[in-house]
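**Q** The primary structure of each chain is shown beneath.
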Amino acid sequence: MSPADLLGGAILAALVLYALLGGADFGGGIWDLLATGPRRKAQRDLVEQAIGPIWEANHVWLILVIVLLFTCFPSAFAAISIALFVPLVLLLFGIVLRGAAFTFRTYDRPEDKVQVRWGLVFSSSSVLAPVVLGVVVGAIASGRLAGPPEGVDPLAWLSPFPLSVGLFAAALFAFLAASYLAVEAKGELQEDFRRRAIGAGGVVFGAAVLAGVLSWFDAPLVFAGLTRRGFSLPLHAATALAAVTAFAALFRRRYRLARAAAAAQVTLIVLGWGASQYPYLVVPGLTLADASAPRATQVAVLWALAAGAVFLFPALYLLFRVFKGERPLSVVDRATPGAGVGDRPRARGDV
Amino acid sequence: MNDLLAARWLFGTSLAFHIVCAAIGVAMPLFMVLAEWRWRRTGSPAYHELAKRWAKGTAILFAVGAVSGTVISFELGLLWPRFMEFAGPMIGMPFSLEGFAFFAEAIFLGIYLYGWGRVGPRLHLASGVVVAVSGAASAFFVTLANAWMNVPAGFEVATGGAAAEVRPLVAMFPPGWVHEVVHVLVSCYVATGFAVAGIHAFYLLRERDNPFHQGALRIALGVGAVAALVQPLSGDLSARQVAATQPVKLAALEGQFRTERGAPLRIGGLPDEGARETRWALEIPYGLSILAFHDPGAEVLGLEAFPRENWPNVRNVHLAFQLMVGLGSALALVSLAYLLYRLRRRPIPRRLLQAVLVTSPFGFLALEAGWLVTEWGRQPFTIRDVMRTADAVTPVGNIAVPFVLFTILYLFLAAVVIVLLRRQIASAPPASELRARARAEGLA
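Protein chains in written order, with the working numbering: chain A, 1 to 351; chain H, 352 to 795.
Hints listed in this document are in silico derivations from the structure and should not be mistaken for laboratory results.
Heads up, a few of these hints could be off.
[Stated by the list, open to error] Covered, in the sense of this in silico footprint (three residues per stretch, anywhere, with C-beta under 8 angstroms from a C-beta of chain H), are these stretches of chain A:
hint: 1; stretch: 52 to 60
hint: 2; stretch: 63 to 76
hint: 3; stretch: 290 to 296
hint: 4; stretch: 315 to 325
[To be verified] Sample of chain A residues facing chain H (criterion: CB under 7 angstroms; computed from the structure):
hint: 5; residue: Phe85
hint: 6; residue: Gly99
hint: 7; residue: Gly308
Note that this is a predicted model, so its numbers are computed, not measured.
All residues carry an ideal CB built from backbone N, CA and C; glycine is no exception.
Excised from the complex, chain H in its bound form (with noise of 0.2 angstroms):
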């Protein structure tokens, strides 16, 4: 393994791993705020049940989160100082506000976890809502970042190699930045809601009429499929902005080699790189004119069109694509079935219960594969067309030593959360107790 491959391995396990957190510290504190509401609303001990058991999952998210965010920040240097020489002036103001946002976060989640009967309950509430609100900034600047880096803006390059001519509105809102930030934040509410719903549907498996898991799913399962139904419309806004915007990406994501007229829509497939064709794909004629252009004879343009060595790895990115569509699509279906029995009030089927269960880890898997398809899609660049990740790259030898001892790390870290959050769910109080609670405080 080289430096630079390792380098690579380290920054892309970090974020893999960083990016769960990250979309769970998005979506969870609005989960958990929406179940201390219904609690203030209803009385209902069953959702203040839930929103204790979510704040405690919501915290140890946080603080792992925390402190793999910590580790992104330095690895930005560590391993990729020359870019970060050259771009820090241009990333950093989102940088700098995303700092404050998760000021705002680790505050307010400070005084909502510990002021349980220590604050009133208005400003408990409230601190909940600030923290949903800063988990969704944060991600809104962080997006920006990366939204420079696909299209980067705002900067001359001056003779030397040094930016100049810096302008920091323009670089911290480059073209495309809406479509990036909008499928980013829509995608944190589906993983979320989804693996969080999937797990209170294996317990609904069991005990249907557990009011606990019942309104878990309600709330979960709720904004999820809303998200998950809105996701595909952000994602044609994406295709639309890749294809104007970063037409190298939208070729190597949808296979297609060749400059044409009316080009097809790939399902499936493999490209080959050397052959310079896709083969096994079920192709829609003039679906990809359509979908990147809305215009059936729209010019698509090929691979073969940019330089070889400017080509990201085209079989990576099309099967990543490839595969967070097919999730996409997947949850989108499931998410339709639930809103439909939803709106008619009727009972949520077994075999809809059993369909959650099973797409329950997709959103996450689309959210990694989602990030994978744009990170692979601009290389060889990391600030496209004008920086190469070869040329970004810390001159400190032997990084597969940090890269193997983080790994460890992180997956000691996912082990530990895993077996702590299954423990908060899994001890959850039966029907017969809540309904015995309810009872007592004059509900039922």
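Isolated chain A (complex conformation) (with noise of 0.2 angstroms):
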């Protein structure tokens, strides 16, 4: 393994932890777009619940592929600025609306008008942004982005197979939300998400079989990636599997399970895209060793994304095990029960 590929298989872990926790974030604010029924302002309540002490650590992997991609591999990173200058635009705007506004519903006045008006900020652009995000990501891997980057459509990226990747990555976030949200729901609000996960999993497997179909004719070297190496098949049938259990516990009504399932089939779904493209990091133009950095810099970045996880990972358990843990830990100082109740910044910002 070459520092490059090291680094190329951090930038990869790093994605697929930015779409289980970040991706999860904006299919929360597709739900609070999609909130209906009876309970929709319970929806609603859940959604910023979930997602209000964690949101923004889920932003900041995306942040870490950003600087891990101009320090390792600048001209790959240059290549993929100038050539899809529109849409990270347009991502930079969905991001920047979805993070101010949904911060300000939560410190603006409480009454219903002020917060169906963020709210509304909130959830389009939290579609706007994962709809972008996989349109880059197919436009990367379609190998539009050919040639030198001076020659290219600044629109190239405007066709069948980047926009079919935007729609499946939309329906992937939202279904990865809403089991999420399943398990932390409680009666008739779980049966909610449980039925929306498994309409936004419908929705997910034909965005899934259009992308297919469309690579065929708009990507042949995604299609031949996805088809034809070595480990295609049983990335694929893991895959499949994770989708068939997550679907199967859902029905059965095992939030858990579900849950796992489900990020289980991000994952394979991240991973697979990363294997499917590997050496290239932009295709079909640029390696991992095409685009690399010095060696001494790549060496050094290694280094600081060990020290780094040394202190970032227990951190995150911690945050995840005050906010998401069921069972209090004893490592944690744990406020003594009734005390400090008056010291809550808004009742519903606690879990």
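Using the hints, put the two standalone chains together into the complex.
**A** Laid out in structure tokens, this is it:
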């Protein structure tokens, strides 16, 4: 394994975590937009409670991907930034409006009118961002960024295959979020998100078929990568198994299993994408080796990653333990029950 | 507007906006933790109220800072792909470490904001401390990257123009990193301290005995005033470093056109690049030689020593520098007066509160001016003497469109943030209510 391969692996791992955590956040925003029925308000409150304490940490993964890309594979970063200027600007708009609106909603007046207005900004940008993110991934994988960057059409990404990947990404994140929320919900609310997870899972399947068919016409290299490699079949089989398990678990109301299977499915999909375009970073112009920064930098960054991981993962564990853990953990310095009730910033901010 | 100019405007606007959030993100967690610590120590409801409200303010600004920082990290490539292609391997190390500091900040701010009453007091306070420390660490690492652009080090330029023989650790700590990092960090505490103190001074002028605003002033102005008195010392360090490593920048910021021994220090004045002189300045003989080299006879290189096409915009750099120094001096004077009253345990007179109110925006104005000094002062290079800004820009056209869109977005965000912050502080409980609460808890 060369340092470039290890760093490519680190970027892929960060993308998996971004899909699992940040993606579920976007999915939460999509369910905020699609909240319907008599428990509309309760659905939105659950989304807000589930995301509140963790959304900022969930989105740092994307920054990590960007930083690793420009530090370790600077020419790929430059090529992507030039060729995908328009969708990346749209993605930024989505990210900014979403994060700002979510925070503003929390700290603005609790009146319904104000809340609905911020909610609309939050949820519509939560749809925009993953669609554009999918489009970016689709465009990179499709081989449309080939050739000298100056010669690239600024709207080359606007073609069927990248758009279908955008749809697929949004559906996948919605499916993931609904599976997570079904675990955190109670009673009828749990049923709501169970039904939503099943519905979104259906859309994911449809979008996957669509993207697969379109890749045949529009992105032959992806199609070849997906179908003709040694690992293709076992990987597809594992993904399909995870998907079937998730569906079966949802039907049988085994929420924890469904959550785990959905997360496994998303992980395998992202890994499958990475594996299908390996060793290319930008298909088919730049491989990991072509785009590599000097070795000294790559080695230094690998050490920095190792050192960072040592304190990052325990901290993340603590965060999720405090807000997502079901049982109290002895190392966590917990508030004594009943004390400090008046300390809460806002009742609905507590999970 | 050509695309280079539009790209510079877009990046400049994004940074000018982000820097305010980032500076507040460095200092505000410290204030918030100090308020909570005072509350845990004294049990005073005023400090409790303060800690909670400042935490909400921190949350709003952190979120806006996080998203605007995300924009910057993308814009580095979107606007300056050639720069990033060259510089990524060198400035990537500090950015990677900054990423981890930012991660820590996001994680522990989540625990702090949503953990009131959910985690115990020690973990809660410790989370706040981690937020304050990692905020400062982020600023530290990002400033290292800027220091490298000013004084690039740790690489060779190979034939073909790519970087070769990269030594990441040398690039991470280029000559002069210490002064720039210290100056930037201190400026965050000055700017935020005075801005926050000004808001509370405004309310104290209406209601002198409100313990909420009194406590707030004590913490924000206490930190801000000490920092404002440290800043001139760090400025002196900076001047000497800039003189040694970036003489053309020093010449521009002082409006020094001729190379001379015993150069005077110019206060005010308007440089005229055509006539090659700085008019209407108050000149202090030997001042510049003393400041820059601690020697009244030292030779200071003038702009004439450098090719005309390598000059920055002398008028802009000089004026921004004068503005920064002038504002900083005013803040140092107010700080001195405040600390004297505090040390003698005398009540703060109305006049001083008014002075704090008037000078409250000076810190941020000085911070923006100082940032412009360092960035304009490096032009026309984006990496000094290595890469010109014109060669770094993206080949993508119509940059004016995203420039206009992002400017509208920033104006919108700024307006909302101001409204929300104002509401947090304007609705603070009156003195009578806080006293009643203190009595109820058996403190008074």
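**Q** Hint by hint, note whether the structure agrees.
**A** Verification of the hints:
1. Here's how the stretch 52 to 60 of chain A fares: 7 of its residues keep a CB closer than 8 angstroms to some CB of chain H, so the rule of at least three is met and the hint holds.
2. Counting residues of the stretch 63 to 76 of chain A whose C-beta sits closer than 8 angstroms to any C-beta of chain H gives 10, which meets the bar of three, so the coverage hint holds.
3. By the rule of at least three residues with a Cβ nearer than 8 angstroms to a Cβ of chain H, the coverage given for the stretch 290 to 296 of chain A holds, with 3 such residues.
4. Remark: the stretch 315 to 325 of chain A is confirmed as covered by chain H, as 6 of its residues place a Cβ nearer than 8 angstroms to a Cβ of that chain, reaching the required three.
5. Against a cut-off of 7 angstroms between C-beta atoms, the interface hint on phenylalanine 85 (chain A) holds, since the closest Cβ of chain H lies about 4 angstroms away.
6. At its closest, the beta carbon of glycine 99 (chain A) sits 4 angstroms from a beta carbon of chain H; the interface hint therefore holds under the 7 angstroms criterion.
7. For glycine 308 (chain A), the interface hint holds, since its Cβ comes within 7 angstroms of a Cβ in chain H; the closest pair sits about 4 angstroms apart.
Of the hints listed earlier, there is not a single one the structure fails to meet.
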